[in-house]
Amino acid sequence: MIELISIPFVQNALIGGIILSVLLSVLSLFIYLKSWSFINVGISHATFGGLALGFFLGLSPTFFGIVFAVITGFLIGYISRKGQIHEDISIGILFSVSMALGVILITLSPNYNTDLFTFLFGNILTISREDIYILAFFTVFSLAFIYTFFDRIMYCCYNEEVAYVSGINTTFYYYSLILIIAVATVLSVKLVGVILASAMMILPAAFSNQIFWHYRGILLLSIFMSIVMVVAGIFVSFYFDLPSGATIVFLYSSLFGFAVLIKKVLQKV
Amino acid sequence: MNILQIKNLTVEIDKILILKDINLEVKKGEIIAIVGPNGGGKTTLIKTALGLIKQYKGSVRILGKKPEEAVKTGKIGYLPQKAQIPKNFPFSALDVVLLGLINKKMDKKEKIELAKRYIFFVGMEGFENHPYGKLSGGQQQRISIARVLVSDPEIIFLDEPSTGIDFVAQEGFYDFLKKIRDEKGITVVMVSHDIGVVGRFVDKVAGLNRFLHYYGHPRGFFQKHILERLYGSDVELVIHSPECVTCEHFHSDFKGEK
Numbered sequence: 001m002i003e004l005i006s007i008p009f010v011q012n013a014l015i016g017g018i019i020l021s022v023l024l025s026v027l028s029l030f031i032y033l034k035s036w037s038f039i040n041v042g043i044s045h046a047t048f049g050g051l052a053l054g055f056f057l058g059l060s061p062t063f064f065g066i067v068f069a070v071i072t073g074f075l076i077g078y079i080s081r082k083g084q085i086h087e088d089i090s091i092g093i094l095f096s097v098s099m100a101l102g103v104i105l106i107t108l109s110p111n112y113n114t115d116l117f118t119f120l121f122g123n124i125l126t127i128s129r130e131d132i133y134i135l136a137f138f139t140v141f142s143l144a145f146i147y148t149f150f151d152r153i154m155y156c157c158y159n160e161e162v163a164y165v166s167g168i169n170t171t172f173y174y175y176s177l178i179l180i181i182a183v184a185t186v187l188s189v190k191l192v193g194v195i196l197a198s199a200m201m202i203l204p205a206a207f208s209n210q211i212f213w214h215y216r217g218i219l220l221l222s223i224f225m226s227i228v229m230v231v232a233g234i235f236v237s238f239y240f241d242l243p244s245g246a247t248i249v250f251l252y253s254s255l256f257g258f259a260v261l262i263k264k265v266l267q268k269v
Numbered sequence: 001m002n003i004l005q006i007k008n009l010t011v012e013i014d015k016i017l018i019l020k021d022i023n024l025e026v027k028k029g030e031i032i033a034i035v036g037p038n039g040g041g042k043t044t045l046i047k048t049a050l051g052l053i054k055q056y057k058g059s060v061r062i063l064g065k066k067p068e069e070a071v072k073t074g075k076i077g078y079l080p081q082k083a084q085i086p087k088n089f090p091f092s093a094l095d096v097v098l099l100g101l102i103n104k105k106m107d108k109k110e111k112i113e114l115a116k117r118y119i120f121f122v123g124m125e126g127f128e129n130h131p132y133g134k135l136s137g138g139q140q141q142r143i144s145i146a147r148v149l150v151s152d153p154e155i156i157f158l159d160e161p162s163t164g165i166d167f168v169a170q171e172g173f174y175d176f177l178k179k180i181r182d183e184k185g186i187t188v189v190m191v192s193h194d195i196g197v198v199g200r201f202v203d204k205v206a207g208l209n210r211f212l213h214y215y216g217h218p219r220g221f222f223q224k225h226i227l228e229r230l231y232g233s234d235v236e237l238v239i240h241s242p243e244c245v246t247c248e249h250f251h252s253d254f255k256g257e258k
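So the protein sequences, as listed, match chains U and A.
In terms of this note's numbering, the first sequence has 240 at position 240, counting the first letter as 1, and numbering is strictly consecutive.
In terms of this note's numbering, the second sequence has 25 at position 25, counting the first letter as 1, and numbering is strictly consecutive.
Don't take each hint at face value.
Below, a list of computed lysine-lysine pairs in the PhoX-like style, where the Cα atoms sit at most 20 Å apart [stated by the list, open to error]:
hint, chain 1, residue 1, chain 2, residue 2
1, A, Lys82, U, Lys34
2, A, Lys82, A, Lys134
3, A, Lys54, U, Lys82
4, U, Lys34, A, Lys87
5, A, Lys134, U, Lys268
6, A, Lys184, A, Lys28
7, A, Lys134, U, Lys263
8, U, Lys264, A, Lys134
9, A, Lys20, A, Lys57
Derived from the structure by calculation, the hints contain no laboratory data.
Please build the complete structure, drawing on both the sequences and the hints.
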């Protein structure tokens, strides 16, 4: 294992994975409380269209991925708040269009030299030092924002209308959170892929809430378990030559299933 | 002084007329009950007064300001219908009450002391660190009321506050509302289905079914022609009270047939 850690790309994967674990597990609390899992799935799938467009144009896929994710996130958020079209329908259409566009652009792309599988399910070999710097900067920025406005964001999660009547600018916090989730989704693509990025923002809080009822316990356990699962997933995927994202999400989902089972058994005893 | 003034209010949502030509004045320290059939626009009326519904015709002034400006003062409290609060929100009872102090410039210790005082005030002492989601319906309502009151509001809006509270407890709940009005001078505007009960506790009743069919003292409200206009024809009113010894069940306050 020590030999493995000394390999630069494994170091990058571990550092990147740990930073991401902290960011995604904190975001998972809000996604869980707001029941935003489907919004999150929509954003992560829509990212694929942006990444593919970047490749097609020979420009930064990450930049275009972020643009697509943010636009999709804001559109879903807007539709969801206005309630004119059922949000499930709008999300379903938006992410299907973006995925379809992504596949077409990737196929037509003259620069197409990357395995489609990498985008969809992640590949730890592709995490660079530059990615880590961007990720670290964004994580510090996002966590500082969340720390500063934590009470207000939680008030919005408790009930947005009550928060509004209390003088909270709920629109600002709503779209800020969607913006952070959208960018975090794009930055997590190399580790877990677009298909599974949303799982990393749903599983931590869903798992931790099986054990703790209070948000502090949920947050701390989410961060700890995400780091454990990501590190374990990276090693397992490396040893067995598996896609990192699929391995991490499979391990985490299994843990979640186990926690639910144990809780049910304990409730019956 | 009118703390809430609504003039010629008309609200349409998705081209469906919900409220038409509503005129309403609420004075400081009054307790008002908005009653009427389901779908009559009760919740829409208070949401418009709170600035949660922004598309309307007419004029709404609360604390002398437009609703979207008034909410920024932090002087308005709102308790939505119980179903709108997530059941298992990962907060303790104390955390929920502390939300009411979010705009106050006090240190954390002072906030906790004040929140605990209000938990005591609503008769929930000892439950500070209990999971909010594990409290009974009535206990959750009391904690939510403490959240509303701790912010030191001038006016509070309660949407069906007695939901989930049994009949006997409801009596105590309305007594409690009178107590906070008397002790703190807070104006209370609430939506309720319990017209028999609220008649004994409120200063004015607003009978709402798209139009405001009645606004005045509760005594004047219980007239056949008003109730017929509000709920439809052939209305039979059955009011139960703790004094009513012949009543075996308290499950129905009102029976109306069209």
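Next item on the list: Sort out which numbered hints this structure fails and list those numbers smallest first.
Entry: The structure conflicts with no hint, since it agrees with every one listed earlier.
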